[in-house]
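**Q** Chains as they are written, first to last, in this note's numbering: chain A, 1 to 361; chain B, 1 to 354.
Think of the hints as simulated: they come from the structure by calculation, not from any bench. It should be emphasised that the depicted structure is a prediction, and the values quoted were computed from it without experimental measurement. Every residue, glycine too, gets a C-beta built ideally from N, C-alpha and C. Careful, some of the hints might be misleading.
Derived list of chain A stretches under chain B, where covered just means 3 residues or more per stretch with a C-beta under 8 Å from a C-beta of chain B [what the hints assert, rightly or not]:
{"hint": "1", "stretch": "6 to 18"}
{"hint": "2", "stretch": "60 to 68"}
{"hint": "3", "stretch": "180 to 192"}
{"hint": "4", "stretch": "276 to 290"}
{"hint": "5", "stretch": "340 to 353"}
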Amino acid sequence: MEVQLIKIEKRSDVSRSIYFLTPVLAIFLTLFGGGIIFYILGFNPIEALKFFFITPISDLYGLSELLVKATPLCLIAIGLSFCFKSNNWNIGAEGQLIFGGIVGGGVALLFYNHDGFYVLPIIILSGAIGGMLFAIIPAILKTYFNTNEILVSLMLVYVAKLLLDYLVVGPWSNPEGFNFPETRQFSESARMPILFDGLRIHAGIFITLITVFLSWLILYKTYLGFQIKVSGLSLKTAKYAGYKGKIMIIIVFMISGACAGLAGVGEITGPIGQLHRNISPDYGFTAIIVAFLGRLNPVGIIFASLIVALTYLGAETAQIFLQVPKYTGQVFQGMILFFLLGSDYLLFFKIKFLGLKKNEL
Amino acid sequence: MYKLFLRSLISVLFLLGFSLNANAEFKVGFVYVGPTGDHGWTYQHDEGRKAVEAAGIKTTYVESVPEGADAERVIRQLAQSGHDLIFTTSFGYMDPTNKVAKDFPNVKFEHATGYKREHSNVATYSARFYEGRTLLGHMAGKMTKTNTIGYIASFPIPEVIRGINAMTLAAQKVNPNIKTKIVWVFTWYDPGKESEAAQALIDQGADIIMQHTDSTAPVQVAEKAGVWSFGQASDMQRFAPKSILTSIIDDWAPYYVERSIAARDGTWKQQDTWHGLKEGMVAMAPYNSVMGDDLVKEVEQLQKDLASGKAHSFTGPIYDQKGNILVAEGAVADDGMLAGMNVYVKGVEGDIPQ
Numbered sequence: 001m002e003v004q005l006i007k008i009e010k011r012s013d014v015s016r017s018i019y020f021l022t023p024v025l026a027i028f029l030t031l032f033g034g035g036i037i038f039y040i041l042g043f044n045p046i047e048a049l050k051f052f053f054i055t056p057i058s059d060l061y062g063l064s065e066l067l068v069k070a071t072p073l074c075l076i077a078i079g080l081s082f083c084f085k086s087n088n089w090n091i092g093a094e095g096q097l098i099f100g101g102i103v104g105g106g107v108a109l110l111f112y113n114h115d116g117f118y119v120l121p122i123i124i125l126s127g128a129i130g131g132m133l134f135a136i137i138p139a140i141l142k143t144y145f146n147t148n149e150i151l152v153s154l155m156l157v158y159v160a161k162l163l164l165d166y167l168v169v170g171p172w173s174n175p176e177g178f179n180f181p182e183t184r185q186f187s188e189s190a191r192m193p194i195l196f197d198g199l200r201i202h203a204g205i206f207i208t209l210i211t212v213f214l215s216w217l218i219l220y221k222t223y224l225g226f227q228i229k230v231s232g233l234s235l236k237t238a239k240y241a242g243y244k245g246k247i248m249i250i251i252v253f254m255i256s257g258a259c260a261g262l263a264g265v266g267e268i269t270g271p272i273g274q275l276h277r278n279i280s281p282d283y284g285f286t287a288i289i290v291a292f293l294g295r296l297n298p299v300g301i302i303f304a305s306l307i308v309a310l311t312y313l314g315a316e317t318a319q320i321f322l323q324v325p326k327y328t329g330q331v332f333q334g335m336i337l338f339f340l341l342g343s344d345y346l347l348f349f350k351i352k353f354l355g356l357k358k359n360e361l
Numbered sequence: 001m002y003k004l005f006l007r008s009l010i011s012v013l014f015l016l017g018f019s020l021n022a023n024a025e026f027k028v029g030f031v032y033v034g035p036t037g038d039h040g041w042t043y044q045h046d047e048g049r050k051a052v053e054a055a056g057i058k059t060t061y062v063e064s065v066p067e068g069a070d071a072e073r074v075i076r077q078l079a080q081s082g083h084d085l086i087f088t089t090s091f092g093y094m095d096p097t098n099k100v101a102k103d104f105p106n107v108k109f110e111h112a113t114g115y116k117r118e119h120s121n122v123a124t125y126s127a128r129f130y131e132g133r134t135l136l137g138h139m140a141g142k143m144t145k146t147n148t149i150g151y152i153a154s155f156p157i158p159e160v161i162r163g164i165n166a167m168t169l170a171a172q173k174v175n176p177n178i179k180t181k182i183v184w185v186f187t188w189y190d191p192g193k194e195s196e197a198a199q200a201l202i203d204q205g206a207d208i209i210m211q212h213t214d215s216t217a218p219v220q221v222a223e224k225a226g227v228w229s230f231g232q233a234s235d236m237q238r239f240a241p242k243s244i245l246t247s248i249i250d251d252w253a254p255y256y257v258e259r260s261i262a263a264r265d266g267t268w269k270q271q272d273t274w275h276g277l278k279e280g281m282v283a284m285a286p287y288n289s290v291m292g293d294d295l296v297k298e299v300e301q302l303q304k305d306l307a308s309g310k311a312h313s314f315t316g317p318i319y320d321q322k323g324n325i326l327v328a329e330g331a332v333a334d335d336g337m338l339a340g341m342n343v344y345v346k347g348v349e350g351d352i353p354q
């Protein structure tokens, strides 16, 4: 019997522009693949794609909703980029988001019926600290006990979720709420200011933009950023250069956790306005796709978060207008990641066909 | 300045939307918390939607809408895209529904199982599921050998507590030695958690399993363990043919059709609806013949009496766990007391999680 031999070789020269263009290619392939799926489902693919990607943002309200949805994704992904760049696999941003929400929400409840300009900043800050503290746990366990940060951070998501469940069902539930699993609506002083009447876009977007700018500054203009990148490229080099690896691991987890905590506190003081069991539709996990789609680059992540946010909105409009199942949104997210990873593989590796050879087995 | 411009632009867009809607075809929108294929809560709401469609009215639905920040957008989109009546079918949509209703005074909103009607275009509706629980209690009291009834409960809200109490009272009436054991799973739909709860209850000696959660997992566990069970929300008989004695069915179809026609014809009014066996919003699946003809006849009679008002699920004397009287002998609990029910009756084990 004869078999085809294949050799996979690492490419030595990968052009930078192509590296940043492959996400765009992945998006086009996704559109193409999505069109085929819509066609198989019996819809006109062009019309369906229009309902999916154009209709949701064809008015001011839609654009505002896109930003509302993209804000937490962008924040979390920016934080994750610090971890991922330095080869630290923080998979538990969802838990850090929830824990930040819990801490921020607790402070908001403490300030119930309390006016003052300082209320909201305190809540936001405590949310960031909450997320940060929660992210330190896997970092410390990794640095001092050699545990696997993927497992620890992931399992802590359940801890945060169950803690939130306990709080909103029990001690923090609304005393006038007939035991329903939710807290009171926060006071006005604890809510993010709305930027335009009638729209939901809120001041949280400025926090996100500032965070993006600071991240760019840290990653590309500071010694810390240089250390992070070097450790990501080669841990041995970093050690040889004398970088303090342990401290750095803890710092990137802290940054990542703080960003996720900010996202959580932005959701509860922004569009939601209270704590309940569903403060995040898995933003922490979706942000992993966003981080990679954005090439772990602050500007790239802004675009990636907008595109992924659009897949959520699109799934809703497509269901309203065409009665396409809502899960197509997740299919699109999956396809984007699939095509991105696929094209990355072909970008970094060469596949050589070595011809047929006799199989000796 | 630009803010003023934006504001006027938005109002023009809104007005344009309204005037367009006025000419457009009458449409009804539905927002679901789960997938239409859950075989429980959402499935039954979708059956109701299909009935509206069959009555010649166009409908739209959005499924699996999380009860967080997304709900408001979906409800608003339905209102904006020319839907004239919108049913939001989960408790967590309460605040978003009222928020959107404020901005769309010409659109009617109906929110299931909530209590806030902040604007004149918001109605609420729910079903007297507890009447069905009374029937289950009667059957459970007669069928149990271990005198232990296992109850899988979702959240300690009045609706769920009412069901536990109604069931226990009815079971005590036919079997004074009955005990009700409860496991709180704090979810409406989680097959894994629900089946663990069912198994735990069976391990504690329950030979009857009932659920106030929406998946078919508990009845399937009961079927395997060879104990009796009751289906929830839809007829779950095919998932546990031997074990299921009957199911409580939520039948939203007549209400949805009636309200949709009223909204179309301009006779829709704000109201708080609480329908039960009488109106058919609560219905019972066929009774399993293994219970024997006598018991089936008894239950059918009780069902008729509850529907006609001759019998009431909460007839005094009713005592709480400490023995304090809740409802005096001969009296029945009024709707206000039922709506805010937050104590167990005597015979239920454990405390309500607070």
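**Q** Hint by hint, say whether it matches the structure.
**A** Hints versus structure:
1. 6 to 18: Three-residue rule not met by the stretch 6 to 18 of chain A, so violated; n is 0.
2. 60 to 68: With 4 residues close enough to chain B, the hint holds.
3. 180 to 192: With 4 residues closer than 8 Å to chain B, the stretch 180 to 192 of chain A meets the three-residue bar; holds.
4. 276 to 290: The restraint on the stretch 276 to 290 of chain A holds, since 6 of its residues have a Cβ under 8 Å from chain B and three suffice.
5. 340 to 353: Result for this restraint: violated, n = 0.
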